[in-house]
Each structure stands twice: as structure tokens, then as C-alpha cells.
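Please put together the full structure from these sequences, using the hints given.
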Amino acid sequence: MSEISGSSILVTGATGSFGKAFLKYALTHLDPHRIVVFSRDELKQYEVRQMFGGDPRLRFFLGDIRDRARLDRAMHGIDHVVHAAALKQVDTAEYNPSEFVATNINGTQNVIDAAIQAEVKKVVALSTDKASSPINLYGATKLAADKIVVAGNHYAATHSTRLAVVRYGNVMGSRGSVVPFFRQLAAENKSLPITDKRMTRFWITLDQAVEFVVNSFDVMRGGELYVPRIPSMRILDLVEAVAPGSPTHEIGMRPGEKLHEEMIAADDSRRTLRFKDRYVVQPVAASWGYETPEGGEQVADGFNYRSDNNDLWLSVDEMRDLLSEK
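In my numbering, the protein residues as written are 14 to 339.
Please note that a few of the clues may not be correct.
Below, in silico cross-link-like pairs of lysine-lysine (DSS-like), each with a Cα-Cα straight-line distance of 25 Å or less [said to hold, decoys possible]:
{"#": "1", "residue 1": "K203", "residue 2": "K160"}
{"#": "2", "residue 1": "K37", "residue 2": "K57"}
{"#": "3", "residue 1": "K160", "residue 2": "K210"}
{"#": "4", "residue 1": "K37", "residue 2": "K160"}
{"#": "5", "residue 1": "K37", "residue 2": "K101"}
{"#": "6", "residue 1": "K160", "residue 2": "K134"}
Restraint ranges, calculated between C-beta atoms of paired labels, are given here [to be verified]:
{"#": "7", "residue 1": "A115", "residue 2": "S300", "range": "27 to 35 Å"}
{"#": "8", "residue 1": "T41", "residue 2": "K210", "range": "37 to 45 Å"}
{"#": "9", "residue 1": "T105", "residue 2": "D231", "range": "18 to 26 Å"}
{"#": "10", "residue 1": "Y59", "residue 2": "L272", "range": "18 to 26 Å"}
{"#": "11", "residue 1": "E270", "residue 2": "W326", "range": "17 to 25 Å"}
{"#": "12", "residue 1": "L56", "residue 2": "Y108", "range": "22 to 30 Å"}
Hints were generated in silico from the structure; no laboratory data involved. Please read these numbers as outputs of a predicted model, since none were measured by experiment. Ideal Cβ placement from N, Cα and C applies to all residues, glycine included.
If you want it as C-alpha cells, here you go:
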């Protein structure tokens, strides 16, 4: 049984792909006392309400993480928080930087402050591979958010609240995923646009992401950045798995895009422990009584976790099997 079983949970950005998958898992496996669905889109909240048939354990709370007062009200009586709300489109961020700063950085600070004020037990914030050695504004805002979450443990030291971060790569089936896009083009007998044939990416399923977050609540002590050990895949193998035999054409990398994804930078290696299912990046400084988790193996100095140097790889058949389970 998970630590968050039977508790009151608030999920920011709960109407997104991860949020809906988390709600489904929690209602099925965690028997929550209540789950507060916190998001700013009333249409998406209506759709989620219909999706779960008006389950009385779900409480719908319209609000924006930019609004600290609204968060204070929503967090009353909450035990655990999953912070999934963010602006995420790389190209949109380059044109609207102040909006991404307001949501991803200032909004995250609001979530932390409200959680500490409400004496929430634990907060897990979702990050992205783009936060490691960021080369675009979106990644830079998420790196700042990661740092803010970890540093929040300093401010919460005399309170019961503890905070941690979960970082992972591409999610199969999430909104905006390349998989349905490739399938649509293949059905129309069109050539598939490939940014670069050498490109590799990390892959995780929505179910795996949700279970990893739930487990992170159980093992966290506050201040950790958790990175799941997940497989990589070459973009051309992905094409063969999704749309076998389809023609492709290279279009070049978009602004802010990387050839290979990175989830742990080399400069973080001295603080990184490897476990069977994850890497744990420990905080730079910890004044709240942080203790190094037992059973981990210190990675080599200079180690970095990238999709091209990964020791786990998905084959074409394995990807097809995963997609068929959806």
C-alpha cells in the first residue's frame, strides 16, 4: 500500500495527459479520501468529470497556479500534492517567454509556498528532460522550477512539508505525442517528417510515469530529483514500429531541439546515485536534515544520462507491443 493511499491529494494541471492517467490510477488503486482537480480550463474539467462518471471523491477546483490565494484555498486539508501544471511547448516559449516564466517559475513558487503554509506532507513536482543542460526557454524555466522545488525544503525545514522532483522523457500517448501524428500521416499515405535520422529519445508509458510518481512519494525524504531508468529508441526504429514501410524526409532540427535527450548532466554526476529502477540526484545543499538513501551506487565522475548512451534500448517489436497495450 502506498503512503498516499486513503489521503487527500491535490493535482495541479490535472486535466492534462498525465493528470488524467494519475486520476484513473488513484481512483482504482489508492482509494483516496478525495482528489482535488486543480486546473484553469473549465471545458477540460467538464470532460474529466464526464470521463469519471461524477465520482464523488473528485473535487473540481478552477484556478491558476499563478494565483497564490486560490492555491491557498484549494490546499486546505490536503496531504499530498502532485504538481503537473506547466506551459510546455518549446516554440511557443520562445515567442512568449514572460508567460512561461509566470507559470513555470512563479507558479511553481506559489505551489510550494501554499503547500508549506497548508502543512501538506509531501509534494512531487514533474520535470522534463529539457531541464537538463537547457538550450531553450522552456527547459530553462523547468530547470529553475526544479531548483525552486528542491530549495523549498530549506524554507519548510521547521514544517512537516517535504518536496521532491521527478524528471522523465517522452510519454507515449500524451497530448502532442509524435506517435498519433505519424499514424495519421501514414494513413494518408504521406511522407513522415524526421528532424534528423540520427535522433534518439527516451520513452516511458503514461502508466509507468504515474506509478513512478506514486512510488516516489513512498521513498522520498525531501530534496531528491528522481530520474527513472527507461529505454531509448532511435527515431527511425520508432517510424518502423508505428508506420512500417512509410517514406520519410528530413526537415532539420527545430529551434531549441536537441539531437539526443539528456536527463542528468555530467556536472550533476558527483551527486547522483544509481538504483535498480532509477537515478537519484541529491541536493546541492541540505539544511533540513536530508539523509543519503541507502543501497545506491555512486555513478562515475562525469557520467551523464543521455538517450544515445543509455544501456536500455527499445526494439521495433518491443515498441509495437507497448503501443498495442494502449
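So, going through the hints one by one against the coordinates:
1. K203 - K160: 43 Å, violated
2. K37 - K57: It holds: about 15 Å lies between the C-alpha atoms, which stays within 25 Å.
3. K160 - K210: 34 Å, violated
4. K37 - K160: 29 Å, violated
5. K37 - K101: Judged against 25 Å, a Cα distance of about 23 Å means the pair holds.
6. K160 - K134: 19 Å, holds
7. A115 - S300: 27 to 35 Å: 29 Å, holds
8. T41 - K210: 37 to 45 Å: 41 Å, holds
9. T105 - D231: 18 to 26 Å: 35 Å, violated
10. Y59 - L272: 18 to 26 Å: About 41 Å separates the Cβ atoms of Y59 and L272, which means 18 to 26 Å is violated.
11. E270 - W326: 17 to 25 Å: Since E270 and W326 have Cβ atoms about 21 Å apart, the given range 17 to 25 Å holds.
12. L56 - Y108: 22 to 30 Å: Check passed, 24 Å falls within 22 to 30 Å.
Taken one by one, the earlier hints fail for this structure at numbers 1, 3, 4, 9 and 10, listed in ascending order.
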